[in-house]
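Number of protein chains: 4
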Amino acid sequence: MLRRIDASVINDENEKLKSHLDADYAALADKLARDNIDIETITAKAGEFQVAVPSWGTGTGGTRFARFPGTGEPRNIWEKLEDCAVINEMSGCTDSVSPHFPWDVVSDFSELKEKADAYGLKWVSVNSNTFQDQKGQEYSYKYGSLSNTKKESRDLAIQHNLDVIEYGKQLGAKSLTVWVGDGSNHPGQSHFQRAFERYLASMEEVYKGLPDDWEMHIEHKMFEPAFYSTIIQDWGSNLLAAMHLGPKCKSLVDLGHHAPNTNIEMIVSRLIQFKKLGGFHFNDSKYGDDDLDSGSLHPYQQFLIFNELVDAEYRGQEGFGPAYMLDQSHNVTDPAESLINSAIEVQRSYVKALLVNREALYGYQEDNDALMASLELKNVFNLDISPILAMARYRKGAPINPLGVYRAAGYREGMAKQRPQDPNATGSGIV
Amino acid sequence: MLRRIDASVINDENEKLKSHLDADYAALADKLARDNIDIETITAKAGEFQVAVPSWGTGTGGTRFARFPGTGEPRNIWEKLEDCAVINEMSGCTDSVSPHFPWDVVSDFSELKEKADAYGLKWVSVNSNTFQDQKGQEYSYKYGSLSNTKKESRDLAIQHNLDVIEYGKQLGAKSLTVWVGDGSNHPGQSHFQRAFERYLASMEEVYKGLPDDWEMHIEHKMFEPAFYSTIIQDWGSNLLAAMHLGPKCKSLVDLGHHAPNTNIEMIVSRLIQFKKLGGFHFNDSKYGDDDLDSGSLHPYQQFLIFNELVDAEYRGQEGFGPAYMLDQSHNVTDPAESLINSAIEVQRSYVKALLVNREALYGYQEDNDALMASLELKNVFNLDISPILAMARYRKGAPINPLGVYRAAGYREGMAKQRPQDPNATGSGIV
Amino acid sequence: MLRRIDASVINDENEKLKSHLDADYAALADKLARDNIDIETITAKAGEFQVAVPSWGTGTGGTRFARFPGTGEPRNIWEKLEDCAVINEMSGCTDSVSPHFPWDVVSDFSELKEKADAYGLKWVSVNSNTFQDQKGQEYSYKYGSLSNTKKESRDLAIQHNLDVIEYGKQLGAKSLTVWVGDGSNHPGQSHFQRAFERYLASMEEVYKGLPDDWEMHIEHKMFEPAFYSTIIQDWGSNLLAAMHLGPKCKSLVDLGHHAPNTNIEMIVSRLIQFKKLGGFHFNDSKYGDDDLDSGSLHPYQQFLIFNELVDAEYRGQEGFGPAYMLDQSHNVTDPAESLINSAIEVQRSYVKALLVNREALYGYQEDNDALMASLELKNVFNLDISPILAMARYRKGAPINPLGVYRAAGYREGMAKQRPQDPNATGSGIV
Amino acid sequence: MLRRIDASVINDENEKLKSHLDADYAALADKLARDNIDIETITAKAGEFQVAVPSWGTGTGGTRFARFPGTGEPRNIWEKLEDCAVINEMSGCTDSVSPHFPWDVVSDFSELKEKADAYGLKWVSVNSNTFQDQKGQEYSYKYGSLSNTKKESRDLAIQHNLDVIEYGKQLGAKSLTVWVGDGSNHPGQSHFQRAFERYLASMEEVYKGLPDDWEMHIEHKMFEPAFYSTIIQDWGSNLLAAMHLGPKCKSLVDLGHHAPNTNIEMIVSRLIQFKKLGGFHFNDSKYGDDDLDSGSLHPYQQFLIFNELVDAEYRGQEGFGPAYMLDQSHNVTDPAESLINSAIEVQRSYVKALLVNREALYGYQEDNDALMASLELKNVFNLDISPILAMARYRKGAPINPLGVYRAAGYREGMAKQRPQDPNATGSGIV
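Protein chains in written order, with the UniProt record's numbering: chain A, 1 to 431; chain B, 1 to 431; chain C, 1 to 431; chain D, 1 to 431.
Derived by calculation from the structure, the hints in this document are not laboratory data. Mixed in with the good hints, there may be bad ones.
What the hints assert, rightly or not - Listed next, the in silico SDA-like pairs over lysine to any residue satisfying Cα-Cα at most 20 Å (straight line):
hint, chain 1, residue 1, chain 2, residue 2
1, D, Lys151, C, Asp95
2, D, Lys135, B, Pro420
3, C, Lys169, C, Asp95
4, D, Lys113, D, Lys174
5, A, Lys31, D, Lys174
6, A, Lys248, A, Asp212
7, D, Lys151, C, Gly363
8, B, Lys31, C, Ala23
As the list claims (entries may be wrong) - So, partial list: chain B residues that the calculated Cβ filter (under 10 Å) puts toward chain A:
hint, residue
9, Gln134
10, Gln137
11, His186
12, Glu204
13, Ser229
14, Pro260
15, Glu265
16, Val268
17, Ile272
18, Val310
19, Asp311
20, Ser374
Unchecked claim - Rough simulated footprint, nothing fancy, chain C against chain D, three-plus residues with beta-carbon under 8 Å:
hint, stretch
21, 154-162
22, 177-187
23, 231-244
24, 255-267
25, 351-365
26, 395-404
Glycine included, C-beta positions come from ideal geometry on N, C-alpha and C.
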């Protein structure tokens, strides 16, 4: 398999850390064994866990005020793919990439697929972009895309989504994620019902183009870029659309797209119950759609979400099988470092959720023993399961200390030389 | 018709104000005529508008910290009914009362109905109470009612709702409003899906007991009394439950039960579109379920909600016909004064919404003329339509200046003498 | 005086509307006279009211996702000034412009001042920009400006602010507004106390450069572009900094920069009381720093803020005299139209606040007559004072119907021809 | 020392768990030693950590809707003290009690102090109550206490606070905590500035009565029981009041009293920097002042707050020494169980914060290495330091497994027999 960072760098570093890992792993194994948990079963499951990386996440993000570029940023999908390969080599749990079109359009998708194959990477959910106008675009999305009052703009957006499905087919993807920026900034600007009717009619056209073995995932977002209303503002509208469109359409939950104080894990449970949970965009946020690193602010919330997911798996909930993806904006860090670390933090939540004694929990719930029920979750959360994650990586040839190896390898410095940036680019944003 | 405040008091006050009202009304008529609006049509519609009063709203409210009683408060449903009569005499737009059980249970409902009839008051949506334990109650609602893990508590809650339907039949009501305090305070305390399944199963039993010409309205609430999760936390869960239960079940929107920043008027539109808008609990709030006086903080939001309602009416939206009710907690005012004033503020929003030139608005929306669309609403909102409201009252014998007449009549002072309060009651709340 | 839209266009339109205005004005005068309010006094005050326009507000705004340019946008400060002139001609209440540097740097400020003088426009508070890197900038603001850990970046930011003061002197401005994007995206990234100490030390240097008759206004902002912490996150930190720096430093309140549910009018009162209210950035928001049109969503909140301002004036509060400015982002409207309309909406709030009977209000407050106190404000808010605003404009030669005249004049269409836009610009934002 | 739960029960349970604790402790010691951390130093500090228990927290809480009492609840301060003793025996880190007056007034405070001494408990910050009217109270607090427009109500509130200081002197307390429910429910009801002036004048009188070696702590709260404005709504007003009153007056931070999304740890830093951090009321919340168990929802936020506290200690910040107290409302759990567990969760945050390598963190901050800085905190948070907490308890004779011992001892069941509750009490709340 093609590699971006030499295995020897990893191995050298791993050798230095292995004895400590063994000690920590053995201690944890003993501890878990007291609760009749076999650490090897958990480590095996940790090793199987994967979360996808978005191609666009490998570049430095920005805000409407400014973008401060990093060094050695990828300039196209080929270089983004290179970075995704590194992220997977380091994290050991990101074996797939989610592309965004038209940003990632290439003339020969088979070449792109081959390149990914060589790195051991798969292509997953394809994303359409109707929240920007492309150069020379005949009809604008300024006032909406799939829900625009003008048929021409709607048709353009529908066709783009159908095109994206075609790109995805060539890459071997099996799902389309649809997020639109449609909405309004003024009361009265948009007729809520008519706009939603137009949206649904357009989505019906896209749905028709969906292969039988594909899914379509709708993403809701409370605000931004529209600031008074958005067409799919919350899981309620999302669910209505997904039910209207049919069984291949499901809802996608982005952790940063909710109203303040929202109990997201409960929404996840409802979507599971009604067979409409399509997938996740993992990130963290404090104020809005901040797109911060997953679990960097609310690790317990992330764990509680995985508690719902693992519980559904445990109960054999019908129709359950969401897609996991990171979706972050990295404004002040090396995007590769953030993605490596975030993937592992998501994996950490998953592994902790596996350790919950579900039968004991059900018993506490049945007995309304609120404190013990809460401690069944909290005690697991308080465990340090890092040795399991490290061992899972070690066993597949990934680093015990991923960021240490990444930095030791000097990857970004190398890219800074190989990928000269546009000298005319400024850090000015949109104001 | 039986009256609580003598008509002569009203007439005397009205005479003093009539010439000014005539002048203001004429000026407004001229102004509206320029836009081809016939003021008489609007005034007639204003006169037909009604919003129900909740029986419990006539007493002074409180918080978990304290309740500071007012003077002359009603001590039972008979006295609450008296106050509702006064409120209707003054406002001219609150001809119905919504009772709450078991608080308002009486031994002879026909007597209660007769009394209301005498006042010209109707009984509308009946409310059940399974968020408190009643003295001697065999099974507690501490850990839930309709969704309790224990069948005994669920059965009690189901039976109570069925009883409430029976009370309602005797009073001539046609709908049951169900709000429960069920939820959890700790992650893990409640299994979200199982709790919701139990809730739905219980509600199915209640639904079976619903007469064919009744509706059942489900009320969602983001938090309080449960502080981590509530069983029907938002319109998403509300809608799922209403769809599950059947066509007689609809969602009720309480303006104070949403997450911060939520676009409530959009939720109203969605519920209208999907034929699930059952009714409203009007109030206002700044921080949570504050139950402040309707429109006292966000009058434009209240107008925007009525803009959706009047638009649905204008378009002849199928299945549209929500019930309107005030639901406020009056901690620092005379409840009757707040209810009189709030009813008129709700009526004000309705009347303004009638003045919107909908065809012009549709044109701006179609053309994406955001500014003119927003001004079509804002310009109407900026109008002073008080003369229409006052004239509508005057024509039905209600006061031009309701609060002036109410105070001049010395109603509360009279009640303070007639209704001695429990001398042992303290202002202590629950801490 | 130099004009952008011919006076004859205004006069022609005004003639058509004058008789209706006279009728409405007379009716309102009668109504107010009943409460012993002389409409002429109010109209005179309305005519004196001014709110500044930000130079950058004349261009179409955008988000991190995209910017959809409008037609005929100004391409430099000269053209922005032209648009500001039009806005003032139409609104009759925006006689000053607030520039932003380095965006608005010109080689000869005296020429710029002359041009503004010719239009009858003044230059007010100058704004510095250390939230973006300029092309060729030696030290970056990526990790902060005035609070950067690196002295070189701090020095650059200090010098830039000193430069901006110099530009302002040449334009006749008397205040500097400082907003910085400094903050952090990760817990731990920034040492809160040390960063604030560096910020204060840098601001001391800027303060030293402030002429004696100038003020410095600090702007707080809860989030964006930093998403975990910002250096001046709220009025608490703002006040601490303003008190630390000295009497010439005051706090500026932007309506969109607060936590959800915040009672902004109360913050205004506190700043007035402690002599630290420097000024306002007016706009409206529903979710965050949305920068929507002033009063477009929460007109009553805007009125309540002016209620505090007029009350301070009425009481002769020492040290009171805040600067008023619009600060909006116009993503879907013609910026000139939004600014014209918003200026008038701000003026509307001011005029309504003048109508409050303050002595009556104080009496209700003293007596804890909560309902009558609230109605003293609400009844005034419910008045339609549009005739006062229109008459004030008419008397100074501005349009009775500003947007009607603006459109009739075909200003934007003319600019679309005169100001060809960069054909290579795309609508792509920063992602 | 007088005990509530026999030491033998603890010892028996500890013996069963000791060998596992030893193994876990040794493994953790090894792990920490790699980073040059001596576990014994940390364990000693953990053993010294104390957080106070509020007397009122030992009873079951409620909401305005209902209170569902638990069994065996304490009926007076003597029984509350008994429960506080148990909580301290189990947690090993709650050696002090904070009383609330007039609830906890007794005829002989020396007897109360002796009883506490016997249990090894100290009395800390005394709390006044002017948010409720007491039976027979001559002037009401319905419209405010220290800020009431009526001098009689203000004087009553001032005198009560002075009385509370006297009670505190007899108990050996050294601080007074002042929280008032003053505020308003309607715009206009209260004149913000005048109300604040009255509040400050009243507080000056209380301050005069404060002994020289005491502190006064002001508590802010965004809302409830007042729902439009509160007199000390946030840390800004809190700080202004504390600075106005003098050096003995400081601000108290309750974790549940902030606007949504507020960065509380940053407020803590600011208060430390300006020498005004008086203390904490620990609890957790999702929606408002939910008073949930400390760290039960946002354990990372609690850790980040302690990161600020330990950092201030590390830097030897002048004037630093806040008081720590739990302040929770236990509606669905045994209050003793919640308080035991919460005290340990607070201790957990403190101990984790001790493990941060501050010099390394400062280095990352200086270098703007955002990711490594964030990981310096997150990696420590991800550690399981339960063995340190358990060993610290074990060494002082407290249980390795506190809740296990508490339940095994059958304490609550015993109290249910000894403390018969009022049979006439109902679960009805205030509506």
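Hint check against the structure, violated hint numbers in rising order:
Numbers 1, 5, 9, 10, 12, 18, 21, 26, in rising order.
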